[in-house]
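Colleague: The chain contents come next:
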Amino acid sequence: MGRSTIRVLFASAGLVLAVLAGGCAHVAPYERGQLARPDMVAGDMAGSGAEHARAVREGASGGSIGPESGCGCN
Amino acid sequence: MLLFGMLFLVPGRASAQGPRDEASTGSGVAVGAATEVSAYGDSDHVGVVTPEASISVTSPSTGWSGSGSYLVDVISAASVDIVSTASQNWHEVRHAGNVSVGYKPHDFGVQLAGAISSEPDYLSLTGDGTLTLDFDQKNYTALFGYAYGHDTAGVTGTPFSVFSLKLARHSFNAGLDIPLDRSTLLVLIGDLVIESGDQSKPYRYIPMFAPDVAPTIPNGLNVDRVNTLRLPERPREQLPLNRERASLTARIAHHMEAERSGPAKGCMATAGASRHPRPMRAISSRWGAASCSDRTCGGISSRPCRSGSARTFPTTTRTGNGRCPATAPAIAS
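Residue numbers (the numbering used here), protein chains in the order written: chain A, 1 to 74; chain B, 1 to 333.
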């Protein structure tokens with residue numbers, strides 16, 4: 001793994017820790033109405049079409065949960 | 001090379017909550033269906049139209065869920081890759097589908113999924129398993145997943161039994177959902193992908209030049225000039241037989257009040273910033289903003305950090321898309 005990759009990883013981890021250091025609130029079950037909305041998803045909001053186009057142009061993968069079949073698109 | 005892509009999404013969504021049959025099972029079933037059509041075009045003369053349909057069935061009280069989707073990629077291409085190999089402009093159709101089933105009665109859940117993608121010269125099969133665990137009264141959700149993919153690349157018109165290249169892909173991922181407050185969700189996902197096999201494109205050839213000519217060839221020289229200066233030998237592209245990818249994804253979703261009326265009501269838009277994919281195993285990232293409003297909703301989500309490989313030259317892409325959800329009468333289950 002190259003040095004630049006390691007630097008980016010550490011920077012990303014630092015960003016996440018900074019966000020977490022801002023405070024994680026304990027959310028009671030009866031307070032999770034907003035979090036249960038369909039648009040509060042862990043996945044990319046761009047949709048499968050945009051996701052596929054981006055992955056093909058960049059040769060990139062990852063960042064989502066679930067099976068991703070390959071294609072000879074690039 | 002500057003590439004410009006536009007994506008237009010025209011989805012339709014319908015969902016219904018089935019009646020609760022307290023007398024028999026005491027459970028209800030939610031059925032959802034969605035459609036999406038996207039279109040892509042760029043300055044490299046590649047056009048793709050992708051209609052997709054999906055359906056999901058969920059029983060919240062028992063913990064069972066299932067979903068499936070099917071899409072078709074209708075592709076038309078006359079890109080530099082095609083022109084440089086003296087091939088004709090081609091049209092192709094790719095069929096892809098996936099199904100998944102899950103069971104999560106309490107804090108522990110399991111999901112199994114499979115996906116298939118089929119083209120005249122490429123077949124991809126993927127199986128995936130994911131475990132999820134909620135703790136601290138579902139304030140945190142951890143997940144661990146493994147997927148195995150088997151790809152077969154060939155040449156259109158030639159059976160795989162005569163010529164084919166195999167690729168095996170092992171994917172490991174782990175994630176964590178953290179609610180920061182009642183309206184904000186943080187999602188962290190890490191991926192590790194190990195690929196082994198020949199990923200070379202059977203249609204792609206490497207131009208060869210005489211030793212005294214090669215230093216005079218600048219990057220991005222036009223195809224006609226390259227064909228004039230190249231040697232007659234055309235060795236096929238050969239990529240590394242093993243590759244590892246790693247990515248780290250961070251998403252923050254925050255709910256906010258949005259406009260309740262006006263032309264933008266009910267419409268969702270996303271915008272992607274331009275980016276330059278970096279060489280293999282580097283990590284690139286970008287930020288996007290999205291807002292939506294059906295009644296009162298809104299959100300800002302960050303784009304994932306992902307690893308990628310710029311196979312040819314660095315490119316810049318800009319994408320945009322929009323969607324307006326269409327409601328349909330409830331479907332009785």
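Don't take every hint at face value.
[As the list claims (entries may be wrong)] One side of the interface only, derived from the structure: several residues of chain A facing chain B at Cβ under 7 angstroms:
| # | residue |
| --- | --- |
| 1 | A25 |
| 2 | H26 |
| 3 | E31 |
| 4 | Q34 |
[What the hints assert, rightly or not] Pair ranges (Cβ atoms, derived):
| # | chain 1 | residue 1 | chain 2 | residue 2 | range |
| --- | --- | --- | --- | --- | --- |
| 5 | A | R3 | B | K138 | 48 to 56 angstroms |
| 6 | A | R3 | B | M208 | 14 to 22 angstroms |
| 7 | A | A36 | B | I55 | 34 to 42 angstroms |
Hints in this document: simulated from the structure, not taken from any laboratory. These figures come from a predicted structure and were not determined experimentally. In this text, a Cβ means the ideal position worked out from N, Cα and C, and glycines have one as well.
Colleague: Now, for every hint given, state plainly whether the structure supports it.
Modeller: Comparing the hints with the structure gives:
1. At its closest, the beta carbon of A25/A sits 5 angstroms from a beta carbon of chain B; the interface hint therefore holds under the 7 angstroms criterion.
2. With 7 angstroms as the threshold, the beta carbon of H26/A comes within range of chain B, its nearest partner Cβ sitting at about 6 angstroms, so the hint holds.
3. Hint status for E31/A relative to chain B: holds, with the closest Cβ pair at about 5 angstroms, below 7 angstroms.
4. Here the hint on Q34/A is kept, as its CB sits about 5 angstroms from the closest CB of chain B, short of 7 angstroms.
5. Here the CB-CB span from R3/A to K138/B is close to 40 angstroms, at odds with the stated 48 to 56 angstroms.
6. Taking 14 to 22 angstroms as the suggested C-beta distance range, the pair R3/A and M208/B does not conform, at roughly 34 angstroms.
7. The supplied range of 34 to 42 angstroms is broken by A36/A and I55/B, whose beta-carbon atoms lie about 21 angstroms from each other.
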